[in-house]
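S.K.: Sequence:
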Amino acid sequence: MTATTPLTRSGTERLPLRPAVRALLVSVLVTGVLGTAFVLSAPPSMRVPLAWCTAAGALLLCVAAVTVARYVQLDEALRARLDSLGEEVARGDKERVRLTGENTRLAEEKRGALAERDAALASFANAAGRMQALATGMLADLRAMQERHSDEDFLADLFHLDHRTAQAGRLADSVAVLSGARSGRRWARPIVMESILRGALGRVSGYQRVRTHAATEVYVAGHAAEGVMHALAELLDNATTFSPPNAEVHVYVEEVPAGLIVSVEDAGLVMSDVQLRRAEAAVSGTTDLAGLSGTRLGLAVVGRLARKHGLKVSFRPSARGGTGVLVLLPQDLLSRPSRPAGPTAPATAASPEAREHPFAGLLSAPAADPAPTASPAPATEADTTVLPATSEADGADE
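Our numbering numbers the first residue of the sequence shown as -17 and each following residue consecutively.
Hints are supplied without guarantee of correctness; some may be wrong.
Claimed, not checked - So the derived label-pair ranges between C-beta atoms look like this:
hint	residue 1	residue 2	range
1	Pro26	Tyr53	16 to 24 Å
2	Pro227	His131	54 to 62 Å
3	Glu262	Asn108	29 to 37 Å
4	Leu67	Ala89	46 to 54 Å
5	Asp139	Arg168	24 to 32 Å
6	Glu199	Ser296	39 to 47 Å
7	Asp314	Pro227	21 to 29 Å
8	Pro299	His131	28 to 36 Å
Simulated from the structure, these hints should not be mistaken for lab results.
Quick reminder that beta carbons are idealized off the backbone N, C-alpha and C, glycines included.
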């Protein structure tokens, strides 16, 4: 690698002076010798004017020699610079070709990875849909069996299987939500908030510790009822899982001008400010599936459902010592439909609630008496579940 010299004002390299000095010395020496010989060979009367002419000619010759030497040197420097630039351009072209090939390869790999991801998500969505169908069919079979049998011990087992099947269905719904598939059932008509809460409780293992304080007749739009129910079930599951086994979880429902607020208050772990911000980011931002662990899917599912239905979820320290979660349902999801003339929820033989399902009294019981109503299977022995079983929901599955 050759060393470069500084550039002159005109943009060319500053040329060394040694070649010009050498040309000047040679010119002076040659012209001096020749001029002296020429003057001495002339007649004495002509020597003085001839000496002046010879000196002027010698000076011009020296200037010309130096100028020619500089231009020759400049030409050589420019040619060397052009050769260097040509090599740099060739290297740049070669690097550009290499980078173009690398970009093409990376683009192909990205397309392949996206195709594999889409195929995997489609497989997960398909598997989740089949699991949902199986869970729905099993729930229907179990409730039909509950109508055919009256033995209390057998009914307790059926209620237990009913509840466990609903939890498996919630897990299938979570996989469907994360994979972008349709989750759960869709209702043709609005569902009363009481049934939404009851359906959410039916998908939580620790429902016996949940105390609800709901005195509202607000209805949730049918297209969003399942999503709201699923989101509340995930939050209730978190609250019961991360609180002491004997601690109660309280659910409050309050109507506000912006919509309906559902708050879940537990007495479990107190989240730090960093953990609270992380939880809010999980339910408000786009969660990267690659960063999810197999045991912590709840908040990611809540975030997807919140964005889908316009819910607003926030976290705060709870006055009960744990964490509080606020879920705001916007007004466009709420309604107050007029009640039909006849009874809206008859306790017929076709309804599982006619069997005094363990969830039948969870919401209607006064806050001072949180224990469930009597049932064929005690709540402490049989985990039970039921999807919204009001007249608004029966037969409304699309």
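S.K.: Take the hints in turn and mark each one as holding or not.
M.R.: These are the hints, each one checked on the structure:
Our hint of 16 to 24 Å for proline 26 and tyrosine 53 is violated, since their Cβ atoms are close to 41 Å apart. As the Cβ distance of proline 227 to histidine 131 is approximately 31 Å, the hint placing it in 54 to 62 Å is violated. Between glutamate 262 and asparagine 108 the beta carbons are some 32 Å apart, a value that agrees with the proposed interval 29 to 37 Å. Between leucine 67 and alanine 89 the CB atoms are about 32 Å apart, so this pair departs from the stated range of 46 to 54 Å.
A C-beta distance of roughly 31 Å is found between aspartate 139 and arginine 168, which places it inside the suggested range of 24 to 32 Å. As the Cβ distance of glutamate 199 to serine 296 is approximately 25 Å, the hint placing it in 39 to 47 Å is violated. Between aspartate 314 and proline 227, the C-beta spacing of about 39 Å breaks the proposed range 21 to 29 Å. A C-beta distance of roughly 47 Å is found between proline 299 and histidine 131, which places it outside the suggested range of 28 to 36 Å.
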